[in-house]
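S.K.: Could you build the full structure based on these sequences and the hints that come with them?
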Amino acid sequence: MERTDAAGVRLGMWLFLYTEIMLFGGLFVLYSVYRHRYQAAFAAGGLELELPLGALNTCVLLASSFAVAAAVESVRRGLKKAALAFLGSAALLGAVFLLVKYGEWSRKFALGLYPGGARLSAEPGGFKAFFGLYYALTGLHALHVSIGCLALGVCWALVWKGAVHGGRLNVLENSGLYWHLVDIVWIFLFPLFYLVA
Amino acid sequence: MNEKEESPGQSYGGLLAVLGALLALTAVSVAAARLYTGPLRAGVALGIAGLKSALVLVFFMRLREAGPAVAGGFLATVLTLAVFMALTFSDVLYR
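One line per chain: the protein sequences are B and W, in this order. Counting the first sequence from 1 gives a position; this note's numbering is that position plus 222. Counting the second sequence from 1 gives a position; this note's numbering is that position plus 39.
Just so you know, not all the hints are guaranteed correct.
To be verified - Simulated coverage check for chain B against chain W, where a stretch passes if three residues somewhere in it have a Cβ under 8 Å from a Cβ of chain W:
#, segment
1, 235–248
2, 273–287
3, 291–304
4, 336–349
Unchecked claim - Derived SDA-like pairs (lysine to any residue); straight-line CA-CA distance at most 20 Å:
#, chain 1, residue 1, chain 2, residue 2
5, B, 350, W, 49
6, B, 303, W, 65
7, B, 302, W, 52
8, B, 383, B, 311
9, B, 303, W, 51
10, B, 323, W, 65
11, B, 383, B, 299
12, B, 330, B, 343
13, B, 303, W, 94
14, B, 350, B, 418
15, B, 302, W, 51
16, B, 302, W, 65
17, B, 303, B, 390
18, B, 330, W, 50
19, B, 302, W, 48
Quick caveat, the hints were computed from the structure, so don't treat them as lab data. Backbone N, C-alpha and C define an ideal beta-carbon position, used for all residues, glycine too.
M.R.: Now the structure itself:
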């Protein structure tokens with residue numbers, strides 16, 4: 223019978239998550255410095271973003287995090303159908319998040335508010351810095367959401383095949399940890415760009 | 040590793056309550072940003088974000104049950120980030 227080191231596997235995942243925290247943390251430091259330097263331009267930039275869509279995406283990611291936690295719990299209890307339903311919902315909510323984000327970016331692009339775009343090029347440096355950080359941070363985050371959706375999809379298939387079950391759920395637990403961290407990153411991105419810029 | 044560190048599961052109701060708290064805190068942060076425009080505006084929004092993150096870490100990621108190595112590593116990461124932030128701003132503010 224195959225033996226796995228559950229605690230070791232979990233610690234390995236957390237070590238990876240620490241590097242992710244430093245990656246986004248470094249960008250948060252950059253944001254703070256530029257916000258301090260260009261307070262008025264950041265306030266003007268924040269007004270260009272659509273708060274209802276940002277709030278909607280926050281609720282979507284929070285609900286998906288709940289669904290992943292519930293999926294882990296379902297697998298632990300041996301409730302395969304419930305686990306599949308929760309995992310499917312979580313991945314679907316991740317896709318909804320990306321769709322909303324795509325819509326937001328498209329509207330900004332249509333207004334010329336992108337690096338090199340007609341309107342952004344005519345704006346002052348602080349405004350450009352705001353949108354540069356907005357695209358860099360939300361883009362990097364969206365990449366993480368995409369990877370997370372794929373990981374949840376793989377977990378769905380593994381649960382369906384019976385390869386992930388109550389006695390062996392490291393892959394699902396670690397994918398869940400990754401998904402929750404992606405959620406936490408958005409928990410900070412939302413106020414930084416939509417509420418207090 | 041041994042099996043004894045596998046902690047008991049959580050109830051669906053408990054997880055749902057955490058989701059409710061997270062959604063409520065999101066509503067509070069939006070309302071606070073709309074109604075309060077004072078100097079502590081960013082602090083209030085980031086404080087609420089910190090509280091929401093703590094809920095996710097404790098109840099969804101089960102940081103407390105993950106053992107001292109994981110919790111210690113997380114604390115060290117956050118402290119390192121705080122030191123980076125402090126050193127950067129000591130440079131930005133007093134250059």
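S.K.: Failing hints, ascending?
M.R.: Violated hints: 4, 5, 6, 13, 16, 18; rest satisfied.
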